[in-house]
Amino acid sequence: MGITNDRGRYYFVMRVPKRFKGIVCGKDGKPVSQVRQALFTDSRDEARAKAKQVEAAYLAQWEALAAGDGASAHKHYQNARKIASTYGFTYKPIDDVAAGDLQDLVRRLLALGEGETVAPPEIASAIMGTVPAATPTLMEVFEEYKSLTSVDRREKSEAQAKRWESLRRHAVEVFNKVIFEDPRFSEDPLPVGSITRAHALAYREHWAKRVEAGEVTAGAANKHIGILATILETWSKLTDVPLANPFKGLRLAPGKEGRIPPFSPEWISGKLLAPGAFDALNDEAADVFLMMINTGLRPSEITDAPLTDFETDAPIPFFRVAAHGRELKVSHTEREIPLLGVSLAAARRIVARGGIGRYAHKANGWSAAVTKHLRVHGLRETDKHTPYSLRHAMEDALQRVGADDRIRADILGHKYARPKYGDGGALPARLEVLEKVAYPARPEDAET
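Just so you know, we're using UniProt numbering here: the sequence shown kicks off at 1 and counts up by one.
In short, the hints are calculated from the structure, not lab data. Everything numeric in this text was worked out from a predicted model, so none of it was measured. Please note that the accuracy of each hint is not assured.
Label pairs and their calculated CB-CB ranges [unchecked claim]:
| no. | residue 1 | residue 2 | range |
| --- | --- | --- | --- |
| 1 | K52 | A198 | 41 to 49 angstroms |
| 2 | D396 | N282 | 22 to 30 angstroms |
| 3 | V35 | K415 | 22 to 30 angstroms |
All C-beta atoms in this analysis are idealised placements derived from N, C-alpha and C, irrespective of residue type, glycine included.
Turn these sequences into a full structure, and let the hints guide you.
Encoded structure:
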């Protein structure tokens, strides 16, 4: 965008963006690569101010042209609101314009121009309010919700943000698929204003059947139902559009899947730390798993960590859990954990390789690889055991040795209910407790 002075008068000049190539035409009906418009002023400051308004009007007009007939009714309506705004008007339905203030009507009619300068149809429709109001589809609401709540994800890493979006987009896509395939419903995709309790119950029924078939847990089903309830409630609040929320109160009763069971001490020492137990697994995945044994760390706390968090040569070797441009589960998860025995050996091997590489910011990929290894090689104590069972094993071990609540919270990154005073003894106090429950290095760790 720019302004140019021609014989004392200023003009707006703008190159047509590539995305609008071929759809922006001149008076002869042929595509143009640049537009020029008189600003009717000899003041540079006034020209700059007017140029911003003219640019906004052009862009809104071109967006409407690009949307064309393939755009949704909501998209057309939103574009009309934007165009009206750039011309200094609040979008009103034509009946309201006709029945409203006479001066406002005259201003709108004058804005349509006359002769060769008459406004294009998209602009005329926006100014005069002939584009019918329409509510967005659920996917369109999600896209707006994502934009409206972007500030809430400012501390998430790129990988965390992708996981956040993927889960919510999946919930919306499943809903659309359920409604499309259900013979009771005909309209697809649905505007959110047309989503009824019957649609929401069909979505709940879909997840209930999957829970009954053992395909997902009740917790996973409730997460998908809750996501849609949250999206609609938040979007309605932030756009000031009144909207009933048919997904509220549809949670499934919690099942018996409950807490992931811990590995028993006998299983850890006899199976997981047996010679060759992880020979078939890649070294990085195995070492992340072994680091968890004596620390109770979450997998992502290790896979997302930079090399500087592995303080293996400190007087008391430790691992640092810090944000580093990502969002921690909760603020109190930031902490330092002493490294001992098999976990210290694993951490040193990770450091020797230059840090986490293959699974950096890919905890889900790590979990899939390790879960498969445990299953294929008979290393699950029961079918319900997962890699996360190590964290619960550490929690149980700390309780067995009588570690106080403050120390347990500091090691596991749990919330401590009572006020904290000081650092609780920090590393030495945590080391003293962990020495009572740590598994020693394996014979094959001696080279580390």
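Practice item. Mind checking the hinted window 41 to 49 angstroms against the Cβ distance between K52 and A198? Key: Since the Cβ atoms of K52 and A198 sit about 48 angstroms apart, the hinted range of 41 to 49 angstroms holds.
- Query: Holds or violated: 22 to 30 angstroms for the Cβ distance of D396 and N282?
  - Reply: Taking Cβ atoms as reference, D396 and N282 lie about 29 angstroms apart, which means the hint holds.
(message) Can you tell me whether the CB distance of V35 to K415 sits inside 22 to 30 angstroms?
(response) For V35 and K415 the Cβ distance comes to about 58 angstroms; the hint is violated.
Taken one by one, the earlier hints fail for this structure only at number 3.
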